[in-house]
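As given, the protein sequences belong to chains Z and G, one line each in that order.
FYI, in the numbering used here the residues of the first sequence are 1 to 254.
FYI, in the numbering used here the residues of the second sequence are 1 to 627.
One should not assume that every hint holds.
Said to hold, decoys possible - Simulated DEER-style distance windows between Cβ atoms:
#, chain 1, residue 1, chain 2, residue 2, range
1, Z, Lys-92, G, Met-374, 23 to 31 Å
2, G, Asn-363, Z, Asp-84, 43 to 51 Å
3, Z, Phe-12, G, Gly-614, 55 to 63 Å
4, G, His-312, Z, Thr-148, 25 to 33 Å
5, Z, Trp-95, G, Ser-615, 15 to 23 Å
6, G, Ile-66, Z, Thr-94, 28 to 36 Å
7, G, Ser-615, Z, Ile-25, 27 to 35 Å
8, G, Asn-363, Z, Leu-209, 45 to 53 Å
Treat the hints as calculated values from the structure; they're not laboratory data.
Because the structure is a prediction, the values reported are computed rather than measured.
Note that beta-carbon positions come from the ideal geometry of N, C-alpha and C, so glycine has one too.
Residue-level listing of the chains:
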Amino acid sequence: MNAAKENLWKAFRGLVLVWIVGLAIGETLIAWGVNNWPLVGSVQARITADATTYLMWQAVALYVLVGGAIVYSAIRFRASSASDAVIPENQKRTWAPFVVTWLVLAIGINLANTIYPGMVGLEQLWAIQMDTKNPLVIDVTAQQWKWTFSYPKQGVTDVSQLVVPEGRTIDFVLRTKDVMHDFWVPAWGVKKDVIPNEVRHLFVTPTALGSTATNPMIRVQCSMICGNGHPLMRAPVKVVTAAKFKTWVASNSF
Amino acid sequence: MATNEMQAQALNETEGGKTSFAISMLFPLFRATLWGLTGYFAAAWITAALLGSVIVNPLPATVGYIVGLVGWLMGSGLWEGWIRRAFGGAEAPSYTGVERYFRFGPDSKSTAVRYVVFNVVAFFFAGLAAMAIRVELLTPDSTSWWMSEIHYNMTFGIHGLMMLLAVAASVIVGGVGYYLVPLMLGVRNVVFPKLLGLSWWLLPPAAFAVFMSPTIGGFQTGWWGYPPLAQNSGSGIVFYVLGAATLLTASVLGAINIAGTMVYMRAKGMSLGRVPIFVWGLFAAATILIVEAPATFTGALMDLSDMILGSHFYTGPLGHPLAYMDQFWFLFHPEVYVFALPAFAIWLEILPAAAKRPLFARNWAIAGLVGVSMLGAMLGVHHYFTAVSPARMPIFMTFTETVSIPTGFIYLSAIGTLWGGRLKINAAVLLVLMAMMNFLIGGLTGIFNADVPADLQLHNTYWVVAHFHYTILGAVIFTWIAALYWWFPKVTGRKINEFWGKFHAWWFFVFFNCTFFPMFIAGIDGMNRRVAIYLPYLHEINLFISISAFLLGAGFLIPLANLVYSWRRGEKAEPNPWGSRGLEWQMKSPTPYIPFPEGTEPEVVGPNDNYAAGSKEPFVWISAPSK
Chain Z
1 MNAAKENLWK AFRGLVLVWI VGLAIGETLI AWGVNNWPLV GSVQARITAD ATTYLMWQAV
61 ALYVLVGGAI VYSAIRFRAS SASDAVIPEN QKRTWAPFVV TWLVLAIGIN LANTIYPGMV
121 GLEQLWAIQM DTKNPLVIDV TAQQWKWTFS YPKQGVTDVS QLVVPEGRTI DFVLRTKDVM
181 HDFWVPAWGV KKDVIPNEVR HLFVTPTALG STATNPMIRV QCSMICGNGH PLMRAPVKVV
241 TAAKFKTWVA SNSF
Chain G
1 MATNEMQAQA LNETEGGKTS FAISMLFPLF RATLWGLTGY FAAAWITAAL LGSVIVNPLP
61 ATVGYIVGLV GWLMGSGLWE GWIRRAFGGA EAPSYTGVER YFRFGPDSKS TAVRYVVFNV
121 VAFFFAGLAA MAIRVELLTP DSTSWWMSEI HYNMTFGIHG LMMLLAVAAS VIVGGVGYYL
181 VPLMLGVRNV VFPKLLGLSW WLLPPAAFAV FMSPTIGGFQ TGWWGYPPLA QNSGSGIVFY
241 VLGAATLLTA SVLGAINIAG TMVYMRAKGM SLGRVPIFVW GLFAAATILI VEAPATFTGA
301 LMDLSDMILG SHFYTGPLGH PLAYMDQFWF LFHPEVYVFA LPAFAIWLEI LPAAAKRPLF
361 ARNWAIAGLV GVSMLGAMLG VHHYFTAVSP ARMPIFMTFT ETVSIPTGFI YLSAIGTLWG
421 GRLKINAAVL LVLMAMMNFL IGGLTGIFNA DVPADLQLHN TYWVVAHFHY TILGAVIFTW
481 IAALYWWFPK VTGRKINEFW GKFHAWWFFV FFNCTFFPMF IAGIDGMNRR VAIYLPYLHE
541 INLFISISAF LLGAGFLIPL ANLVYSWRRG EKAEPNPWGS RGLEWQMKSP TPYIPFPEGT
601 EPEVVGPNDN YAAGSKEPFV WISAPSK
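Just chain G, with the same shape it has in the complex (with noise of 0.2 Å):
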């Protein structure tokens, strides 16, 4: 592309520190684990001995947390990065070579690649977890040599708040968004760079803790954390409660710099129109968090609060758990939207610039995206049917019916953009192909569960289980690894291997579906979930499933390699692999710490999915104006 070769002589010299990596680049990190774990147990322990408890005890537990978490914030950078400065301190240099990715700062790009890579290692505690659970429905007896039921109902509630918080609701938000956002709108940073940087750092500590949960305990409620069951079995519901409140408050941090980003921040003649589709979508999740976070948030302290505190806000005999229902389903159903829609985006993104065409409909794909995310915030109800009073039922039963409709706008566009195109399917579209797939199995028979009638039957069985596994893992896991392949020349500069792309693609979809289909089935039998112990009629299946699912999380283990390798050895990329308009294929790969030099700047003349044959440049480069 023109613009690139016309770009690289000024982008040269954007590049910040050259300097290669140093062990000492590593302190901050250790000081942050330092801190942090001194923080932790010198806070448990004087609260225990002021009580004349033990620090395995909720209360300590909880000062711990707390204090624990400053400490590693304090260690990662964060003082001499902010809040030394806030006093009146010396500012804190910034930080633009290697050094920058194992510390706090401001750049969103490091912040991304830290997301990545965070996803990956919860990615890959949390599907060990899976494994384990197979393991103990290999057979239909308590599996005693395994694990007790304790441990299963600790290592399910793990699994699943570590899939869903800290890997799903990041996954492309953090690691792809965060990286893509300030690159798409054609600007330098985020909104609120500093609260970005400070919500990876929020990550670690709150998954740490979430999974070191059985040592103080367990939590045996699932991800729930159902009152009043979460008070009285066992008291790692602490660290599931904070673990989860921290990776919320990330969640938000992120959010407000999407939303903010979008609406304060567009290059010069980039309207609402010309936003690419990839934002729309994240600005949809983000919107969800903004709005939707606060209720449930003060239902998870609420929760905490009648552990530790002795407050009865949901025990005791005047207790009402049917509120806890109410606030935690009012974000964590419509979170699942969060994890979704920025993945519909992605499909919307790819596509076009994989089959040559512009993007179908994209008005309609807007309104799908945004009316998604709207109606959201409305149909939490149907994760209770089997709780809430009649009158409940028929409102939020056509409400949740309803999202199908602007859901269904993302099918439109994409079979729109693929029809009568020129599709180039590499390891990145033919992800996207089978992602697409398996969510519509999973919105098909997510209807099941919005018809009060279906539901009363399949809901909490292994239907409703297989139906989230195809929408989370089907659509958004695949949907991150494709992600994560087209981009990776941004990144990177190189080329992931396609061979070893496409092998694993099917890999995943042949024994993702052998592992997932049947548990539909076995929902149908009467086998209900959290269970480690089911009756004997339904081995066979458990045992197909089982299987199926260590060949399905053994092939993780190939995406893994393949990113591994092709970062360092991976053949080089040209600036613009996939021949694609987006603005961000317009800058250097990989991006310099600032991605165009001062004095520039991208003005946005057309939109950025035409690929007629001689059409013109969306994108011009003029040189700012100065201040």
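Just chain Z, same shape as in the assembly (with noise of 0.2 Å):
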């Protein structure tokens, strides 16, 4: 039973250059990943999908750091054979400036991911919201399992697509007639419950023109399960010019 001497200094200058490849190669994949981002649709969906996108290069740090000096120690530190009886000589039951490191990290780290994404993110959804004078409201009725769209100002009642003017703030008024849905458009970036008995506001600005036709992304769908029909619990959008919807506005209002 002889102690091993291991030079750890020497060992983690190795585990930084596995960090540095490491880090090379995982944020290369996320850029590549960010890069092929599906449809962000509405300015809402910039800010969701900015936040996904910056905890992502960070998550990939995070796992690189972490997870590399998981692999590297367990390869670096292994025993030569499952008959070893070697005994380390570094017996440590701490070290202050590791403890203190990580401490500093953690708690630094979660504090900035609060204030942003998170806050920022908020503060700017909540002032679009609160600065939108005029917003298009569009009632929304869900029920097992459809929606139906009427539009209480221009008089357009109970259709079964939802066409909607680009760069204008829509208030969508949430209601549901049986159990709870979900209203979410997956490239607008957002997704609200519909909750019985209550009423829920959406607000989103469509950004980018199209139909579910042109991009599946761009589709009504129910996100909360709500029995046997629920994953057709689609409807079709279009996202149309200003002077489009009102060509669409006068040809189905009464």
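Once you've looked at the hints, go ahead and assemble the two chains, each given alone in its own frame, into the complex.
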């Protein structure tokens, strides 16, 4: 039972190398992934996608730093065989510089994340809602298993297709006739539960022209389990220019 | 180890009954099944006849379940083992031989072994449900030759509820924890042994009822049971609520035992600073259950009451479904820490013995375990950010993100333990390392769901499905199998096959990541949860996920075969095969009925993770003072 002496600083230099290589590979992959991001079709989606991609850069960095340390130490500090009886010389129970660094980083990253993208994103979403003076109001009625849309100010009632103008903030007024549903257009990057006996609002400012036919991310999709028809509780969406929207309203209102 | 040799002589006399297995020992099982089924059908039929209803309706099914459960428990040996005596009847004999595995009794070790068997069976059937889900998702259309959307909804509900409450909630706490808690603390049994015995017997009827729920109409709410869908999508919700409540009761009975045993029954010299880290992890999990279970338990029963008694807590024009979400997630968010904290603690229990280093920053690790369990009570709202008012968003976002700080202490401790050690990587250690890597992904992707702006898009998509499978399957189940391998010699006196252990560890790791990593991408691409039908643009990625899932699922047969084969024919293990300083390894393997004989008891004289060359034994055996 002789003790094995290791040069731990030399080992740490190896870990730094692993970190550098790992970060380069990981962040390159994320850059590629973020480049291939699906359609971001509203101002709100820009905010939520920014939050998501920022957290991805950070998650990959943390994965490489922590996961790299685990894999590296498991390989670097492995026993020579199953019958290896050598006891390592390093029997330290704690080492303050490591613990303190870890604590400072953990608390720091948490605070930072709560501020950005957390609170910053929320404030931006709320600001759009507060600043909108004259939103386009659309009543959304959810029921098992279909969506109906009404445009009270335009006099368009009970249509099954959602047609909206580009660039104008919409106030979706969400109600359900039966169970809980969830109003979600994937391309618009936000969703809201529709809860029985309650009225909920979701503010969206579409920016990308298109329709469900051109990009399936532009569709209304129920995102809360609501029974047999849940997967098919979808509705087609069309984002059109303001002029075209006017024409559509004219031909659909009473 | 010297201690083992010194003990061997005396321990041989505590072995208990030496009788070999006989078919008549299964009598309590047969009787329990008979009384349970008779009770169920008799009570359901009588209720139905009185109400002019049929037995598959909600109220008859509820009455049937309760009577059937009582019948099953009485048949299992609860009557002569506990109840009869309370009425002044004769005391049951204590069973110390093989027969104790097949009936109700106060022995924590046989209860723990039964937990492992139950968990394996539940995991197998809930795993088959997962395979059925992936078959349905092979193609984007409704795949009507396989199952309807209704059956699909029932299947993922059963898969979710069983994997969470019949597998994850008790794999490490039950099978591993109830076996090791008394041994690690140096006591002969847990503090309330009969309650612990009862806890196992609650499981089989509850799980059976949930699996059988389609026979009375199934439930389509998934494992959430959200009203008002719960009340209008099939009578099977009755078995969902009662099954979940029964499984939860079993968990709470175990939690009381863990906390009570740790607080009141430690060996001489075992200060809280010397309590093994695994027991700390179980204690942190137990406090969660004791504090938070009542609110959720009540919520489930109020949900049931809306179904069978015509109350309107959550339904009808004045019902308040959001209140159910509050009650439900008050326990069921921290419930994931009930799964995860014991798994963390297993890593920190195994790594020092494998790396021959003391547990690094042990006090920070304990602060991490207890910190997660305390913070966990305050953050369930992140499961429904899309349903709550804006005022609650910043508060619960901050709390939820904060929980990563104590979780990080576990990694701090694990990395510090590995650093500069000499790690012997056997199958168990390999699975622990893989679990740590998987949980890292699961934890980091959880930040996205804690962050409200990101969560507004990712909530209820496949992103979430990937995230929680990384934490529960990738970390908890990997760690469970690691723990079964590591303590296998303790329970059976034999070793598992290392080659096949490592082989399937790599098999799992590869196909687990191939199955669940693409789900993150599917989620970002707009695939929502709980759909039998999806849009064709998501076909390719789902095909890849399904095929990986089949390979992952098939891989689980390897550890099953390994465990069963090694139990009968594995290589005989020495008393302390891993050279651990843990107290449980200082006792005889397999553990005798009474772990150490009358008149002796262990005294703790030092930390149990001191691996320095020539260090003192942490325990001495002393003669117990006569009472």
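*If you check each hint against the structure, which ones fail?*
2, 3, 6, 7 and 8
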